[in-house]
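Participant: The primary structure of each chain is shown beneath.
There are 2 protein chains.
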Amino acid sequence: MDPLGPAPELDLTADVVALTRALVDTPSESGEEARLADAVESALRALPHLTVTRVGHSVVARTELGHPERVLVAGHLDTVPAAGNLPSRLDGALLHGLGACDMKGGVAVALRLAATVPEPAARDITYVFYECEEVEGDRNGLGRIAAERPELLTAGLAILMEPSDAGVEAGCQGVLTADITVRGERAHTARAWRGVNAAHRAGAVLQRLADHVPERVVIDGLEYREGLNAVAVRAGVAGNVVPDECVITVNARFAPSRSAAEAQAYVRGLFPEDAYEVEVTETVPGALPGLGQEAVASLVGVLGATPRPKLGWTDVARFASLGVPALNYGPGDPVLAHTAGEYVPVAQLRECETRLRAWLGAGRDGSDRTSE
Amino acid sequence: MDPLGPAPELDLTADVVALTRALVDTPSESGEEARLADAVESALRALPHLTVTRVGHSVVARTELGHPERVLVAGHLDTVPAAGNLPSRLDGALLHGLGACDMKGGVAVALRLAATVPEPAARDITYVFYECEEVEGDRNGLGRIAAERPELLTAGLAILMEPSDAGVEAGCQGVLTADITVRGERAHTARAWRGVNAAHRAGAVLQRLADHVPERVVIDGLEYREGLNAVAVRAGVAGNVVPDECVITVNARFAPSRSAAEAQAYVRGLFPEDAYEVEVTETVPGALPGLGQEAVASLVGVLGATPRPKLGWTDVARFASLGVPALNYGPGDPVLAHTAGEYVPVAQLRECETRLRAWLGAGRDGSDRTSE
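Protein chains in written order, with the working numbering: chain A, 1 to 372; chain B, 373 to 744.
Just so you know, nobody snuck in bad clues.
Short derived list, chain B residues pointing at chain A, Cβ under 7 Å:
(1) 560
(2) 574
(3) 578
(4) 579
(5) 582
(6) 601
(7) 602
(8) 603
(9) 604
(10) 611
(11) 623
(12) 625
(13) 684
(14) 710
Since the hints were derived computationally from the structure, they do not count as laboratory data. For each residue, glycine too, the CB sits at the ideal point set by N, CA and C.
Starting from the given sequences, assemble the full structure and let the hints guide the process.
Facilitator: Pasting the structure below:
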């Protein structure tokens with residue numbers, strides 16, 4: 001039994017703000033999405049126009065009208081850990097709470113579309129609500145679907161509802177994670193000169209990271225701003241022991257014009273000394289903005305937004321690697337993602353829902369087949 | 373019931389090597405001394421010339437012959453955690469195993485003396501075998517006895533059987549533990565420039581520790597070599613978050629001529645910037661060597677050893693604060709304490725036993741009243 005009780009019922013006919021609040025108030029930190037996935041699955045199965053498939057704690061729902069084109073709308077169900085920002089709180093025009101921005105607001109928009117666009121006129125739609133986006137890539141629910149049920153991800157264009165301030169954010173940067181291990185030699189602290197303090201030696205590594213000036217790379221007119229950060233430092237054997245090891249975990253963000261191999265060489269090149277062991281634990285390439293691709297250009301035109309570069313990594317890159325053109329378009333300021341004070345503007349929730357419904361519901365002749 | 377079964381029987385008439393092995397082979401990591409304390413208590417209660425008192429998992433045994441002087445012989449029963457170094461192993465002249473050096477060899481010598489010097493000629497003897505020396509000071513068994521039964525610790529001189537290579541190590545250095553907290557501001561690593569990386573800022577603190585040259589302080593002709601070490605570094609929120617806090621735990625060893633307040637001021641003075649929060653979590657003053665004190669000088673003379681400075685902290689400092697002159701004298705190289713390869717030389721076990729028995733057993737006229 002889930003200690004939190006059964007999954008709540010989600011009312012997809014409710015206003016997008018109420019629905020976002022219901023999603024925020026159903027905690028779903030990465031790895032703990034079961035209850036929210038149950039709720040989403042149950043609500044979608046109640047809709048006769050959708051064919052629903054569950055893969056792990058991810059849910060896929062498809063219209064199957066036989067249209068020659070298909071568009072995919074996706075959002076992840078998980079959030080980073082809570083930071084005193086539950087339950088949700090509506091403060092005038094802003095809805096606060098864990099995941100309001102990243103990305104339960106976007107998920108709510110997608111769920112509303114799933115419920116209210118029963119007969120898209122020009123393209124079939126695949127909705128994907130997936131688990132474990134905020135953690136190691138090998139747990140990513142979209143990756144699991146791609147491995148187990150790749151046919152479910154077939155589409156001519158993917159729209160990721162990641163927070164992008166209700167604008168189009170194109171492409172995304174790549175991510176590299178590495179552990180830099182600094183070694184020393186243990187000794188009792190009362191006779192520290194017999195050892196070598198690995199934590200002290202790590203000071204130079206951290207200082208080098210502090211001094212590093214990341215590059216800015218311009219592609220298709222968009223500026224991708226790279227980054228290189230220690231995200232964890234671990235050293236310590238016992239209170240009276242000189243530590244013989246200090247591990248610094250580094251998270252690098254690199255422009256989509258760099259390949260994974262180039263990114264690895266770049267980071268390794270910053271720490272060429274034998275004194276440091278650099279182990280790259282994960283490299284996920286980014287995605288080029290691809291503004292020249294027809295499917296992307298068409299949606300960008302319809303949404304009437306000027307594309308910006310996506311600086312964070314998103315599953316746009318995963319779709320790129322699957323050969324599916326993709327972009328980010330969703331409510332919420334991406335800068336607020338992963339902050340305790342994250343919120344989503346109510347107006348952006350409504351704007352994203354309205355614009356996407358208009359595009360999805362309109363036939364090629366412009367007629368509207370949505371239910372609202 | 374203790375899952376290891378009842379306490380083993382200790383044969384105090386056995387050779388000191390066999391007794392040390394029996395002690396090593398009765399695990400007693402700090403907090404888990406009950407079984408060994410039971411064995412020690414039981415063996416001592418079988419000796420009619422001793423009055424035995426149990427305090428927690430510490431055992432005090434006293435001769436009460438009415439001598440005007442009293443000497444205290446003490447050793448702690450606990451060890452640091454095992455490191456693949458059990459059971460004991462006799463390798464020629466060296467006895468290996470967890471605690472062989474720190475300090476079951478010394479405890480074995482003291483137990484042998486308790487059994488074989490029934491009628492000390494010149495001074496009554498108090499033996500103290502105590503718990504929790506290797507952990508936080510507020511758990512220390514000697515501290516508990518001092519709080520609950522201070523009269524049991526009354527003595528003109530205390531000999532701590534701590535490993536000192538069968539030589540006299542006088543006084544001891546003090547210990548200061550502090551947490552240095554470096555703060556920053558969280559941000560998503562894709563937009564790291566919006567935050568401040570606390571781990572990067574901590575590089576300067578670690579570098580300062582690396583550059584620090586500890587002082588050497590000479591007292592009574594003995595050189596105390598100070599130390600200042602990061603023993604732990606902790607930072608990390610999540611793999612894609614710029615950490616807003618990095619905590620460096622520092623362990624300082626300071627010469628006994630510095631008071632606790634002076635040691636604190638010294639460490640704080642190294643990090644005067646507002647950017648660093650220095651919280652001193654524990655300060656335990658050292659003990660001056662006190663070689664000029666009559667009781668210490670007399671024993672040093674009898675043992676025929678040239679005193680050396682004790683660099684580690686020992687309960688000598690606790691006795692000093694109780695007004696009892698004290699020194700370290702025991703088998704085993706202190707450098708081996710807390711190492712997986714610790715051992716005690718058999719020759720040192722025998723030498724310490726023989727010399728102390730001669731001193732304790734001899735009357736002021738030199739007659740020998742020991743049972744061997």
